[in-house]
Amino acid sequence: MTGKKVYMDYGAGAPVDPRILETMKPYFTKAFGNPSSVHSMGQEAKKAVEKSRRSIADLVGAEIKEEIVFTSGGTESNNLAIKGVAYRNKKRGDHMIATTLEHMSVINTFKYLQKDGFRTTCVPVDECGIVDVEALKNVITDQTILISVIYANGEIGTVEPIKEIGEVAHERNIYFHVDAVAAAGQVPINVIDEHIDLLSLSSNDLYGPKGVGALYIKTGTKIQPIVHGGGQEKGMRSGTENVPAIVGMGEAARIAKKEMKSESGRLSGLRDRLIEGVLDKIPRSFLNGHPTMRLPNNANLRFSYIEGESLILSLDMEGVATSSGSACTSKTLEPSHVLLAINLAHEEAHGSLVFTLGRWTTKEEIDYVMKILPGIVRRLRAISPLTPKELLR
Amino acid sequence: MYSEKVMDHFRNPRNMGEIPDADGVGTVGNPVCGDVMTVYIKIKDNKIDDIKFKTFGCGAAIATSSMITELAKGKTLDDALKITRANVAEGLGGLPPIKMHCSNLAADALHAAIKDYKEKKEGN
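One line per chain: the protein sequences are A and B, in this order. Just so we're aligned, residue 1 is where the first sequence starts under this note's numbering, counting upward by one. Just so we're aligned, residue 1 is where the second sequence starts under this note's numbering, counting upward by one.
Careful, some of the hints might be misleading.
Keeping only pairs whose Cα atoms sit at most 30 Å apart, straight-line, the calculated DSS-like set for lysine-lysine is [said to hold, decoys possible]:
#1 K47/B with K120/B
#2 K42/B with K120/B
#3 K363/A with K281/A
#4 K281/A with K51/A
#5 K222/A with K25/A
#6 K5/A with K371/A
#7 K222/A with K115/A
#8 K281/A with K389/A
#9 K51/A with K257/A
#10 K4/A with K5/B
#11 K120/B with K389/A
#12 K389/A with K44/B
#13 K5/B with K371/A
#14 K137/A with K222/A
#15 K52/B with K82/B
#16 K115/B with K389/A
#17 K44/B with K90/A
#18 K389/A with K82/B
#19 K115/B with K42/B
#20 K163/A with K257/A
#21 K111/A with K90/A
#22 K5/B with K73/B
#23 K47/A with K261/A
#24 K5/A with K42/B
#25 K47/A with K25/A
#26 K389/A with K73/B
#27 K90/A with K218/A
#28 K222/A with K261/A
#29 K73/B with K120/B
#30 K118/B with K389/A
#31 K46/A with K25/A
#32 K46/A with K281/A
#33 K389/A with K52/B
Over 12 Å on every C-beta distance to chain B, these chain A residues come out as not near it, computed from the model [as the list claims (entries may be wrong)]:
#34 H95
#35 E171
#36 P188
#37 E263
#38 L287
#39 N343
#40 R381
None of these hints come from the bench; they were simulated from the model. Virtual Cβ for every residue (Gly too), placed ideally from N, Cα, C.
Produce the entire structure from the sequences given, and follow the hints as far as they go.
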């Protein structure tokens, strides 16, 4: 143990940017009013919420800030988008389409609605994780009311052809929901150009606080709320606004927009340094996901003959935090559905290791990982009965 | 997540490796499920004189393999056959509940190695 701490699991959880924390602070103890209150304390809070709404609208190219609804995070945004559209448009149709790469909050919401009488179809992706748009077109029926596609999957990093799918949905008059939780702030998003009707966002993925997110709902979209109460957020999401968190998310969106270009360039450079280093130095190592159409911060690699959790534990012993799609790190004992969706065999999926880089990742940290990782892989391969003898020489 | 004992065995596995002229070899698990263990034993005077393992799997899989070699070494075959999955987990100061079944295969691998030895002996 070197005492060194290298965090490369930003996709799982990110620190709040200190600049963002500063903007939040006054809203805990000084400007603590309820935005629904008529008095000036309430109006001060309301003003802050509306300013944040504007910044989030700007990040995704929405013209009308009222099209942004605050939620408790990406999961709730996905639930609201899908259940809200499904129940409101039940008379128009009962069929919804997603992909095999979706986040669990989309997959399990689909399963829930299936039990409630809706029909759902998940279209496959290719081995790089790109949605098969032709297959998607083929499963559309006159009963299809919603298409839900992840902008970029945070585990394998593949960025989808959202505009192309948006055009398909738009032509057929089907609502288009996009889960942009992992993509926002990493790649430019424009809800108008890309024909997006609903877009899910999370604050923590933008270095804002956890527990807050947003859903963009295009004006005119027929949707009903799933949380009922005092009618906040124009009735779309009741509950007193979490003002400090909303302020934080707004500042997070503002910074993300301002710094996206330079930051994504910096991160892709580090990502490629890591990927190329691994593929070059470690035999029988492979990149999961698309070689170029991928998030700037994501490197998902796999190593034959060894298992992901052992890799995570070994890296953690050297101070490096990562994650894996191995069954051994899941609650279900199944390997990640994302890795199975890109047609990896179970034994390949077990050997995956995911690095998600972030705002504070440095070149020195990448080089440190490259210094220790080959030895870790060698050690675990020496323990594994599956490793061919010639690889151990 | 894991006890200090599990991490110790993961960090410094005991008796890791192969015995080229083993008297019995037992392999259990499946790469598809994420765990494969092979246990090699050398028998002298009806006792486990030497034991080694190789394992593909998570931290628990490697730690339980290492643990079984410590538990079994020097034991008579009859006593070695009495070692259970629960003994292995206890020896490691417990395992997370979800790992109790999937990764706790070391006792099975040991029993398979002993069975292999007995079959070979009867075959002679």
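Hint by hint, here is what the structure shows:
1. Annotation: proposed proximity of K47/B to K120/B holds, straight-line Cα distance about 16 Å (limit 30 Å).
2. Note on K42/B and K120/B: the hinted pairing holds, with a Cα-Cα distance of about 13 Å set against a maximum of 30 Å.
3. Between the alpha carbons of K363/A and K281/A the distance comes to roughly 17 Å, so the proposed pair stays at or under 30 Å and holds.
4. Among the hinted pairs, K281/A with K51/A is inconsistent with the structure: their alpha-carbon atoms are about 49 Å apart, more than 30 Å.
5. Simply put, K222/A and K25/A have alpha-carbon atoms about 37 Å apart, too far for the 30 Å limit, and the pair is violated.
6. Restraint check for K5/A and K371/A: the C-alpha separation of about 14 Å stays at or below 30 Å, so the hint holds.
7. For the suggested pair K222/A and K115/A, the alpha carbons sit about 22 Å apart, so the restraint of at most 30 Å is met.
8. The hinted pair formed by K281/A and K389/A meets the criterion: a straight-line CA distance of about 18 Å does not exceed 30 Å.
9. Our distance criterion of 30 Å between C-alpha atoms is met by K51/A and K257/A, whose separation comes to about 15 Å.
10. The suggested pairing of K4/A with K5/B holds, with an alpha-carbon distance near 23 Å, which does not exceed 30 Å.
11. Only pairs whose Cα atoms come within 30 Å are accepted, and K120/B paired with K389/A is accepted, the gap being roughly 26 Å.
12. For a cut-off of 30 Å, the pair hint linking K389/A to K44/B stands: about 28 Å separates their Cα positions.
13. Simply put, K5/B and K371/A have alpha-carbon atoms about 28 Å apart, close enough for the 30 Å limit, and the pair holds.
14. Distance hint between K137/A and K222/A is fulfilled; the C-alpha atoms sit about 23 Å from each other, no more than 30 Å.
15. Restraint check: the Cα-Cα separation between K52/B and K82/B comes to about 19 Å, which is no more than 30 Å; the hinted pair holds.
16. A distance of roughly 26 Å separates the Cα atoms of K115/B and K389/A; the hinted pair therefore holds under the 30 Å criterion.
17. Proposed proximity of K44/B and K90/A is contradicted: the alpha carbons are some 74 Å apart, above 30 Å.
18. For the hint linking K389/A to K82/B, the alpha-carbon distance of about 34 Å lies beyond 30 Å, and the restraint is violated.
19. Between K115/B and K42/B the alpha-carbon distance is near 13 Å, which keeps this suggested pair within the 30 Å criterion.
20. This hinted pair checks out: K163/A and K257/A have alpha carbons roughly 20 Å apart, not beyond 30 Å.
21. As the CA atoms of K111/A and K90/A are separated by approximately 16 Å, the hinted pair is consistent with the 30 Å bound.
22. Our distance criterion of 30 Å between C-alpha atoms is met by K5/B and K73/B, whose separation comes to about 18 Å.
23. Between the alpha carbons of K47/A and K261/A the distance comes to roughly 29 Å, so the proposed pair stays at or under 30 Å and holds.
24. Of the pairs offered as hints, the one joining K5/A and K42/B is violated, with about 43 Å between alpha carbons and a cut-off of 30 Å exceeded.
25. Between K47/A and K25/A the alpha-carbon distance is near 16 Å, which keeps this suggested pair within the 30 Å criterion.
26. For a cut-off of 30 Å, the pair hint linking K389/A to K73/B stands: about 26 Å separates their Cα positions.
27. Distance restraint check for K90/A and K218/A: the Cα-Cα separation of roughly 19 Å lies within the 30 Å cut-off, and the hinted pair is therefore satisfied.
28. Of the supplied pair hints, the one linking K222/A and K261/A is violated, its CA atoms being roughly 34 Å apart against a limit of 30 Å.
29. Restraint check for K73/B and K120/B: the C-alpha separation of about 20 Å stays at or below 30 Å, so the hint holds.
30. Between K118/B and K389/A the CA atoms are separated by roughly 28 Å; this keeps the pair inside 30 Å, and the hint holds.
31. Distance hint between K46/A and K25/A is fulfilled; the C-alpha atoms sit about 16 Å from each other, no more than 30 Å.
32. Of the supplied pair hints, the one linking K46/A and K281/A is violated, its CA atoms being roughly 55 Å apart against a limit of 30 Å.
33. The hinted pair formed by K389/A and K52/B meets the criterion: a straight-line CA distance of about 17 Å does not exceed 30 Å.
34. Every C-beta of chain B lies more than 12 Å from that of H95/A, the closest at about 34 Å, which supports listing it as non-interface.
35. The claim that E171/A lies off the interface holds: its Cβ sits roughly 42 Å from the closest Cβ of chain B, which is beyond the 12 Å cut-off.
36. P188/A, annotated as away from the interface, keeps every beta carbon of chain B farther than 12 Å; the closest lies near 38 Å.
37. Distance to chain B confirms E263/A as a non-interface residue, since its nearest Cβ pair spans about 33 Å, more than 12 Å.
38. With a least CB separation of 21 Å from chain B, L287/A remains clear of the 12 Å interface cut-off, as annotated.
39. Look at N343/A: its CB is around 15 Å from the nearest CB on chain B, clear of 12 Å, so calling it non-interface holds up.
40. A beta-carbon of chain B is positioned within 12 Å of the beta-carbon of R381/A; the least distance is around 9 Å.
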